[in-house]
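Chemist: Working from the sequences, and respecting the hints, build out all of it.
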Amino acid sequence: MREITYLEAVREALSQEMRQNEDVYMLGEDIGVYGGAFGVSRGMIEEFGPERIRNTPISEAAISGAAIGSALTGMRPILELQFSDFITIAMDNLANQAAKIRYMYGGKGTIPIVVRTPSGSGTGAAAQHSQSLEAWVAHIPGLKVVQPSSASDAKGLLKAAMDDDNPVIFYEHKLLYKTSEDVPEEQYSIPLGKADIKREGTDATIVATGVMVHRALEAAGKLAEKGIEAEVVDPRTLVPFDVETVVESVKKTGRLLVVHEAVKFGGIGGEITSIVAESEAFDYLDHPIRRLGAAFVPVPYNPTLEKAAIPSVEEIIANVGEMVNYQSEEE
Amino acid sequence: MNFQVPEKVSNEKLIELYEQMWLIRLFDEKVDEFFAKGKIHGTTHLAVGQEASAAGVCALLDDSDKITSTHRGHGHCIAKGADVNNMMAELFGRTTGYCKGKGGSMHIADLEKGNLGANGIVGGGFAIATGAALTSKMRNEGYVVACFFGDGASNEGSFHEAINLASVWQLPVVFVCENNQYGMSGSVNDMTNIKNIADRAVSYGIPGTVVDGNNIFDVMNAMEEAADHARNGNGPSIIECKTYRWKGHSKSDAKKYRTRDEEQEWRSKDPIKRMRDNLIEQGIFTEEDAERIKKEAVQKIEDSVEFALNSPEPDVSTLLEDVYAE
Numbered sequence: 001m002r003e004i005t006y007l008e009a010v011r012e013a014l015s016q017e018m019r020q021n022e023d024v025y026m027l028g029e030d031i032g033v034y035g036g037a038f039g040v041s042r043g044m045i046e047e048f049g050p051e052r053i054r055n056t057p058i059s060e061a062a063i064s065g066a067a068i069g070s071a072l073t074g075m076r077p078i079l080e081l082q083f084s085d086f087i088t089i090a091m092d093n094l095a096n097q098a099a100k101i102r103y104m105y106g107g108k109g110t111i112p113i114v115v116r117t118p119s120g121s122g123t124g125a126a127a128q129h130s131q132s133l134e135a136w137v138a139h140i141p142g143l144k145v146v147q148p149s150s151a152s153d154a155k156g157l158l159k160a161a162m163d164d165d166n167p168v169i170f171y172e173h174k175l176l177y178k179t180s181e182d183v184p185e186e187q188y189s190i191p192l193g194k195a196d197i198k199r200e201g202t203d204a205t206i207v208a209t210g211v212m213v214h215r216a217l218e219a220a221g222k223l224a225e226k227g228i229e230a231e232v233v234d235p236r237t238l239v240p241f242d243v244e245t246v247v248e249s250v251k252k253t254g255r256l257l258v259v260h261e262a263v264k265f266g267g268i269g270g271e272i273t274s275i276v277a278e279s280e281a282f283d284y285l286d287h288p289i290r291r292l293g294a295a296f297v298p299v300p301y302n303p304t305l306e307k308a309a310i311p312s313v314e315e316i317i318a319n320v321g322e323m324v325n326y327q328s329e330e331e
Numbered sequence: 001m002n003f004q005v006p007e008k009v010s011n012e013k014l015i016e017l018y019e020q021m022w023l024i025r026l027f028d029e030k031v032d033e034f035f036a037k038g039k040i041h042g043t044t045h046l047a048v049g050q051e052a053s054a055a056g057v058c059a060l061l062d063d064s065d066k067i068t069s070t071h072r073g074h075g076h077c078i079a080k081g082a083d084v085n086n087m088m089a090e091l092f093g094r095t096t097g098y099c100k101g102k103g104g105s106m107h108i109a110d111l112e113k114g115n116l117g118a119n120g121i122v123g124g125g126f127a128i129a130t131g132a133a134l135t136s137k138m139r140n141e142g143y144v145v146a147c148f149f150g151d152g153a154s155n156e157g158s159f160h161e162a163i164n165l166a167s168v169w170q171l172p173v174v175f176v177c178e179n180n181q182y183g184m185s186g187s188v189n190d191m192t193n194i195k196n197i198a199d200r201a202v203s204y205g206i207p208g209t210v211v212d213g214n215n216i217f218d219v220m221n222a223m224e225e226a227a228d229h230a231r232n233g234n235g236p237s238i239i240e241c242k243t244y245r246w247k248g249h250s251k252s253d254a255k256k257y258r259t260r261d262e263e264q265e266w267r268s269k270d271p272i273k274r275m276r277d278n279l280i281e282q283g284i285f286t287e288e289d290a291e292r293i294k295k296e297a298v299q300k301i302e303d304s305v306e307f308a309l310n311s312p313e314p315d316v317s318t319l320l321e322d323v324y325a326e
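Here the protein sequences line up with chains A and B, keeping their order. Oh and the first sequence: position 303 is 303 in UniProt numbering, straight run, nothing missing. Oh and the second sequence: position 60 is 60 in UniProt numbering, straight run, nothing missing.
No lab work stands behind these hints: they were computed from the structure. One thing to keep in mind: the hints can contain errors.
[What the hints assert, rightly or not] Chain B side only, calculated, beta carbon under 7 Å to chain A, not exhaustive: (1) C99; (2) K102; (3) A127; (4) G157; (5) S158.
[Unchecked claim] In the EDC-like style, the derived pairs of lysine to aspartate or glutamate whose C-alpha atoms are separated by at most 16 Å in a straight line are: (6) K198/A to D182/A; (7) K247/B to D228/B; (8) K137/B to E51/A; (9) K108/A to E112/B; (10) K194/A to D242/A; (11) K39/B to E302/B; (12) K300/B to E19/B; (13) K294/B to E321/B; (14) K294/B to E16/B; (15) K222/A to E200/A; (16) K137/B to E22/A; (17) K108/A to D322/B; (18) K108/A to E326/B; (19) K295/B to E19/B; (20) K137/B to D182/A; (21) K295/B to E29/B; (22) K251/A to E218/A; (23) K251/B to D32/B; (24) K273/B to D322/B; (25) K108/A to D277/B; (26) K198/A to E181/A.
Note that beta-carbon positions come from the ideal geometry of N, C-alpha and C, so glycine has one too.
Modeler: Dropping the structure here:
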C-alpha cells in the first residue's frame, strides 16, 4: 500500500474502471486538457482520448440529460459537475428523469450514471460555489447519495457507485482533495449503505458526514483527554442509509450528536435524528439528541464569517461535553 | 398535391401508415371518450389532427432507431410500433400496461422498439435524445434518434443546450418540432418572435426545414433527408411540422384562447383525409380499401379497451417495486 491523496484516489478509481470497461466514459466542463476545475481528471485525456474524456460546453442541463440518454442506451457515464452548486441547473434531469425513469417505465431501463461533484465551503468561493445540498437529492426516491470523507473510502465507494445500475450522486469535498492516507492499489469496492465507525467510544455517538468527520475525530481526540470517549460514525452514504450501525452505536453510548456542514434546518441531520428517535435506541438515550449544522445563511465570503457559519471542533467538543456532563451531574 | 415518396417507403408501407394514422386518431378519441365518462383518471394530452408528423417521421426509422416523445405522445408510441393493447392498459392503470400501471399517459416507453419514452417535462427529451445519439456514435451502432417536441418546448433552455451539444458533437439526432400553434393556451405567435421554430437551426450551424405537418408525404421527404444526413455522420437537423391539435390541451380546456373558425379551418386540412385522397388518386388503394382499413382500426381500438378492462389492477404490494435496479 502507498499513501495517496483523496483526489488521486478518485482519479485512480476512474482510470482503473475505464481501463477495463469500454462503456465507461466521462463528460464534464473543462475535464479535458485543463484536467477539471480541481484537477481530478488531469492526465486522463492523454490516456483515454477525447472520445472518452468528453470536454463539454458549459451546459449542465444538456450534459446531465445526455448522460441519462446514453445510460438508458447502454453506456455508463461519469458526469463531473464542476461545483455541486451547479446541480441546480442539472436538477430537472436528475430529479425528474434519472431518478424516476425506471419506476415510471414499470421497471424497464436502467440509468447507471455517477454524478461526481465537489461540495462544501472553506475555499472563500462564497455563496454560489460553497453549498452542501446533499439533502435535496437524498429526498428523491431513485437516486443514491454518497459522501466519502477519506481517500480510501472515496476510491472504494466510487467503484461501487460505478458498478451500480442506478443514478448515484457522489459528493467529493473540496477541502479533502489534498488529504492523504494509505489506499490499496488494486480495485476494491465499499458497498453503498454501509457506515464506518471511524473511532470507537462509549460515552457519546457523533454521526458526522464529509469534512465534519475530520472535525468530529479531532474533537473526539480532545474529548478523550478529558476522559470522554466519543464514537464517530461516518454514514458514508446517505442513500441507502445504514440505520443499523447508527442505532447500535446510540444504544451503546446513550447520546447522539449529528454534525453536518449543510444548513441545519431541513438538513439530513433531521432525518438521522428522527430515525434514531423512532428506533429502539430511543429508550437508551440519556440526553436529548443534538444537531450541529450550518447557520441559516448563504455561505459568506469573508473568511471569519465563512468559518463562523459552519460547525467547529470547539462546538462539537462543547456539545458532547454538555451531553455527557449533564448525565454525570444528574447521577 | 405533391406526390413524392421516399424510396424506402413501399406502397404496402403507405397502406400501413394509413392504418397507423387511423389507429392514432381513434386511440386518442377513445381515450377522450373514457375520460369524459370518468373511466380513465389523471390527465392526458391528445394528438388528434397531428397524426401525419408521428407517422411520417417514424416511417423513415428502423426498429434499431430511437425516438423520444412528449406529453402528447400516444401517436409517437403507435408510430414507433407500440401495441395499442398495452398502451390502453397503461391508461387504465393495469399491470399489462407498458409501465405496469405506474406511468400512465405521459410515461409510456417501449425500449425494445426504440421508444425511449414520453415525457411529462416540457423539453425533457432534448438532452436524453442527444445522449442516446451519443451512444450510437461512440459504439458505432448506426442508429438515429428522432426527438419529438412542441412549439412550446422550443422556449425551454434545454432546447438550446441540447441542440448545441448535438451539433458540436455531430450526433445523429433529428429534432422534430410539431408546431401545433399552442402551448397550453399560449399562441406560438405570442411566445416566440420568429416566424419558424426551424429558423433557430441557424444558431447551431445545422439544417432547419419547415414542412406542412398535415401532409405525410412532405413529412416523410423531409425526414428522409434529415435521417440520411444524420446516418452519414453529418450531425443533427431540425424539421418543423406545422400542424394543429384539434382537441384542447388536456381534459379541462375550454379553448377560450382560439376561435372556432380557426379550428374549422385546420380541420379542413385533415391529414388522414389528405393521405386517403392521395392514395386513391395514385391508385395505391381504392375507396373500399380505405373504408375497410378504417373499420379494422376501429376494431383494434375496441379490442384494446376490452384487453385493458380484462387486465388486472396492480396489487398494492408492488408499490415499492422498481424504484431501484437491483
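Chemist: Against this structure, judge whether each hint is valid.
Modeler: Evaluation of the provided hints:
no. : hint             : verdict
1   : C99              : 4 Å, holds
2   : K102             : 5 Å, holds
3   : A127             : 2 Å, holds
4   : G157             : 6 Å, holds
5   : S158             : 5 Å, holds
6   : K198/A to D182/A : 15 Å, holds
7   : K247/B to D228/B : 34 Å, violated
8   : K137/B to E51/A  : 10 Å, holds
9   : K108/A to E112/B : 10 Å, holds
10  : K194/A to D242/A : 5 Å, holds
11  : K39/B to E302/B  : 15 Å, holds
12  : K300/B to E19/B  : 11 Å, holds
13  : K294/B to E321/B : 40 Å, violated
14  : K294/B to E16/B  : 11 Å, holds
15  : K222/A to E200/A : 14 Å, holds
16  : K137/B to E22/A  : 14 Å, holds
17  : K108/A to D322/B : 8 Å, holds
18  : K108/A to E326/B : 12 Å, holds
19  : K295/B to E19/B  : 10 Å, holds
20  : K137/B to D182/A : 40 Å, violated
21  : K295/B to E29/B  : 15 Å, holds
22  : K251/A to E218/A : 23 Å, violated
23  : K251/B to D32/B  : 8 Å, holds
24  : K273/B to D322/B : 43 Å, violated
25  : K108/A to D277/B : 41 Å, violated
26  : K198/A to E181/A : 14 Å, holds
The earlier numbered hints that this structure contradicts are 7, 13, 20, 22, 24, 25.
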